[in-house]
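**Student:** Whole structure, please, built from the sequences with the hints as guidance.
Protein chains in written order, with the working numbering: chain A, 1 to 489; chain B, 1001 to 1759.
Check each hint, because a few of them may be wrong.
[Stated by the list, open to error] With a straight-line cut-off of 27 Å between C-alpha atoms, the simulated DSS-like cross-links for lysine-lysine are:
1) A:139 with B:1705
2) A:151 with B:1370
3) B:1057 with B:1370
4) A:137 with B:1057
[What the hints assert, rightly or not] What the simulated footprint calls covered on chain B by chain A, stretch by stretch (three residues with Cβ under 8 Å from a Cβ of chain A suffice, anywhere in the stretch; the number is not a length):
5) 1020-1028
6) 1262-1271
7) 1482-1496
By construction, these hints were calculated from the structure, which means they are not laboratory data.
Predicted model only: the values in this text are computed from it and were never measured.
Backbone N, C-alpha and C define an ideal beta-carbon position, used for all residues, glycine too.
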Amino acid sequence: MYQEGDLSDGRDMNKSSKMPLAKKRKAQAVASEIDMSEDQDELDPSLRTLAEDALADTIEVTAREDTALETPSKRGRGRPKGARNKRTPTPDGDIPPEERYFFQTRVGPANQQPTSTNSFSALGLLTHDEYLAESRKYKDPHELEMRYLLKLHGRAFPQWQFELDQDFSICLYGWGSKRQLVTNFAEYLCHQAAKKNAPHPKIVVINGYAHKLNVRHVLNTIATALHADPDEEDPAPVRLVGQPQDILDTLLTRLNNTPFRIHLLINSIDHVSSPFRTTANQALLARLSAHPMINTLMTCDTPTLNSIFPSNIRDQYSLLFHDATTFAAYDTETNVVDDVNELLGRKGRRVGGSQGVSFVLKSLPENARNLYRLLLSEILTILNDDETGGIPEPEDEFIDPSLLDATATPRKQNGRSQAAEDIGIEYRTLYQKASEEFICSSDMNFRFLLKEFHDHQMLTTRKDASGTEMLGVPLDRGEMENVLEELVL
Amino acid sequence: MDDIDLEENTEEQFVEDSSYQACFIFRAGGTRKVGKERPAKKRRLNGTALASQSFPKLSQHGDSDGLAQRRWELFDHLWRSHKSDAAQDEVDEDSLTQLTSFLVDASNASQRQKLSTALLLTGLDIANYESVLRRFSTESPRLGKSVLIDLQTRMCPNLQTALKNLIKGVIVGHSGVDVYNDYLARHKRLLPLNFDLELLEQFLSDHPISQVTVSLSDAETFDSHVMNELVHTLCLWQDRIPFTLMLGITSTRELFEHRISKSCLKRMEARTFNFAPRSHLISDLLSGEQGSEEPAPQIFLDSTVMSVLSDVNQMHGKSAQSLNSMKQYLYMSHFFANPVASLAQTDITSLDGEDQKHLARAVRNTDSFKVFCENLLAEKDQTSNARVRRLLNDDRALLQEVKDRVQEGQTACDASRRVIRSFAGLCCALLREDLRRPNFKLEIEIQLSRAMYDLTNTEAYDEAVGRIQDLLPTTLLQILKGLPAEIGSTLNLSEVVNALQSQLHHELIPNGSTSHDTSALVADANGDGVSALAPPTPSKRGKTARLRTSTSQVAKKGTTIDSPAKADLLVVLKHKLQTSSLDVSSLLLHEAYLLSSRTTRFKPSFEPHPRAAIERALLRHSDYLGWHRGRENSESDGSDTEDDHERSTQQSNTMPPASTLFTLLQEAPTIINVRDLFDAFRSRLEPAKEMNGAAHDENDEADLKADMTQFYRALAELKMMGLVKSSTGTQVKRATRGRNAKSGTQDIDFVAKTSWAGL
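**Tutor:** Okay, here's the thing in structure tokens:
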């Protein structure tokens, strides 16, 4: 039984708290009487209603206090569960500038709901063949306009030529492939030379997006152009030896004695696969471009091009930047299907899957085929070991195969195929096994064979957590088994 | 533009064979010889590859070759005379002399225990150190047979490579690459390693080289371990090879000492040389067209151009070479496509009739000519009207008028700029702000250049006047006497200085001493000059004390004594500035000799904004692709129907796939479900399909593949740009609130965007 003072506790937040204090006290007194006596008919009805309310409040408070006594701090500090989802969403418009960054870089949708679980791969991802077939059918509605834009940029060719003649280098940036524009400029240079009855200009085109590009190749090509007769169709290649710095020194010495300018036209110098993204190679190229007999025009595609040209490099180039937005598709610069697969976290079938690998292997020598067979068999062995590590084989008579199917979800199955591509064998182990089988006699020979695989994108290399070099194959298990079967048979 | 014949059907000619080659020598399609049976006949060629240059013909190719050639020759002549190569290599001469002496002493010293090391404090400007090296190499005759080799960080990844580059640098620097290769080949049997310093020792024994100076231009960025080893090795070999070390330091000596080990420090006998960055770099660079030695500068930089150059220098820390390049580009832009630029220095009488006609037409199209004619017509008298009519009808009369006006304008500009430059020099001397603000002089020049109508209506003038009034007369006299003679003569200060000096002489030394003694004593009393550092002689001591007392009395009296002289100075300055005020843009044909950023947008050529350009192209593609159709419509003969126009407009509004996807990404959060993105992308394609009359069926497999192809292409292009990337596991977990990991029923794909739309 509670006293009067207990009822006037400030924690009471229901409608009884709105009563006048005197009436409230009276009602509470009646309530205590109700509690004590069973005779309810003698009371005024309105007073009785109030008394019942007050009694209910009293019971509620009592219950709360009892609970508090029994479980003092079960919820703990902080926000209660689910409170986060109850917040009102941030409105899209009228966000102050200082908050806009946080809104635009929010993790989830604006209404704070988790993102959907719709699957893109359920639609069926495109293969190379499908993509190529569909892209051939596609007709760009802006084709005429893009062509006109290209022609408009062509009007700047005399200006570019003048700037190059004044020992500036040019960098073209903006959206769209600029490869065709660069080719047109090269044509223009040739056309101008022919018009003046001057020798054919020496133009070296470098495709920064080409995977096989390296600095030695570039320097040797420039050396070839330097020594070739201007009108020679197929000049004999010149091969300079040594480190790139040494080759460059030799080249610069020879450039001092030539009367002909060499035009370097570099496509996509900032492409992700371009060797000229590194500071060392950039310094090398800048040193070459600083020579008065070298005119350099390059194209950049990414918005971060400023980061690859530090101020000292930029001074060496004497770079001028021109916006050359063309809207042309990056057909050559991108490998669309592989890039998207990589973006989605899937390994691309770079050589056209198992068929492509088989095709390449047919053109390789016997020991290369043997080495690839060994590599595949080792990886499949590891895969088998992994799979049977904690899970019994379906052939096990004590296990119902249907149970296994139920436990192996599609996610896990997919994870297995992913794992097949991620599994690798240690470089040293493979070399030992290859030596034991007399596939290769030396480390150099072994590396030569691996390089062949790597060039054909049949081999992946990565380093594990301990820094050990691991060799893998960019195929899933089924494809590996197919290739291995073909090799063995 | 008939020079550029870009046939639309020629663009696929080179795609087939060269686009996937890494590097190749380009052969033009027109000159490609397919299936030739015998070698081509040798053509007679016009000289060498460096053929004579010219500008393109302007006025829709109405210009003659002569006018284009004249512009080219004028540009070539002016740029050769105005370019500031000397300013680029300007270094502190005293420090350079000390450095040379230090290295001479080091080479002469025998039995050195430590490695002589010069620490060059060059500041943040990398080009400053390069200037020092260039100047140092020109001073090398004083050092006898010495070789300077500059090693940079990338040349020294380890000790072996550093030594190899050192040996190579010395031999190549002395005798050339071929000698180096031969030398290596000759000694390969005995000394197989090309980083063995014994190679260098033997080379030095055969060649008279007295000193090898090794320069590490960016010493602070060197790997400290490699540097320690290098110093240790050089120290060990210095009894056989006379090494000296030169280190470029951008911060301070103390910070650098903390970076390297104590053992390394012990092996060096270091001395610091301060090559502080040049404070008046831009001012010096701009002096090419404003220098007093030039007989008649023909080209002037607008205040807007100077302001941009100043901003670029301050904000981006441009080197002298960059600024010089910008200046060159301004000249190039001015002459390349400006038909009236040839009036800056052309003898019009030598032009033939056709050229005069083209030039007169260009002149009549200029804004300044229109304003000039309007002003004449506003006078509303017969003479002016007749003059305007003659200028419009008679080419020869117009060109003669223009020639006179251009010469007058150039002279007025030159005089005004000289006054501005001199007054800026006076302000620097008076206010002493240049110590705190390196570009103070240029700031004042820009401020005065902007105040076209009245140079006295500027903050710089007010500050200078206030400073003159506050200064003690003796101090003011010292400042005025310390000014360069050019400033004094331009601002007519010589009489004022004499008056001030005579006033001081009469007031301070009533008993009469010579003028020479007075000025010397005044200098001593103010504590200025070198003589103040020396202890005063007994006879001088008495005079100095007496003068100090007099000076303090003068200071207490305020402006009673010096007011007439100061007033004279202020009157002279005000008059000079007011008479030199000139609104250059109001002069007739100022377009011929004034370089303005209003007409030449050169800053984007040096400071590009690629992200803004790409985002603009993606978000507002109609800026690039839409206007062409509008142009076609306007050029057509009006036979286009409304439907054609509407269709073309709608087609222009069709977004390229990458633009569509980028727009969607801008609206999305950081982590995006690819399926949702594709669905949204597909919904954006529907209107375009409906417009083209294609039936759209969501369940159609072919339709799905076609949409997916565009989606793939757009996604791959955005990935190449770095605008999207793969999502990390943590990001996905946060985005899905862990549902993806919990459900495990579907393989959900996410991508992450890397850029945000901005404010």
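**Student:** Next step is simple, just say for each hint if it's right about the structure.
**Tutor:** Hint check:
1. For the hint linking residue 139 of chain A to residue 1705 of chain B, the alpha-carbon distance of about 15 Å falls within 27 Å, and the restraint holds.
2. A distance of roughly 34 Å separates the Cα atoms of residue 151 of chain A and residue 1370 of chain B; the hinted pair therefore is violated under the 27 Å criterion.
3. A hinted pair counts as satisfied when its Cα atoms are at most 27 Å apart, and residue 1057 of chain B with residue 1370 of chain B qualifies at roughly 24 Å.
4. Taking the CA atoms of residue 137 of chain A and residue 1057 of chain B, the gap is near 43 Å; set against the 27 Å cutoff, the hint is violated.
5. Counting residues of the stretch 1020-1028 of chain B whose CB falls under 8 Å from any CB of chain A gives 9; the rule of at least 3 is met.
6. A stretch counts as covered by a chain when three or more of its residues have a beta carbon under 8 Å from one of that chain; for the stretch 1262-1271 of chain B and chain A the count is 0, and the coverage is violated.
7. Against chain A, the stretch 1482-1496 of chain B contributes 0 residues with a C-beta closer than 8 Å to a partner C-beta. That does not satisfy the three-residue criterion, and the hint is violated.
When held up to the earlier numbered hints, the structure conflicts with 2, 4, 6, 7 and fits the remainder.
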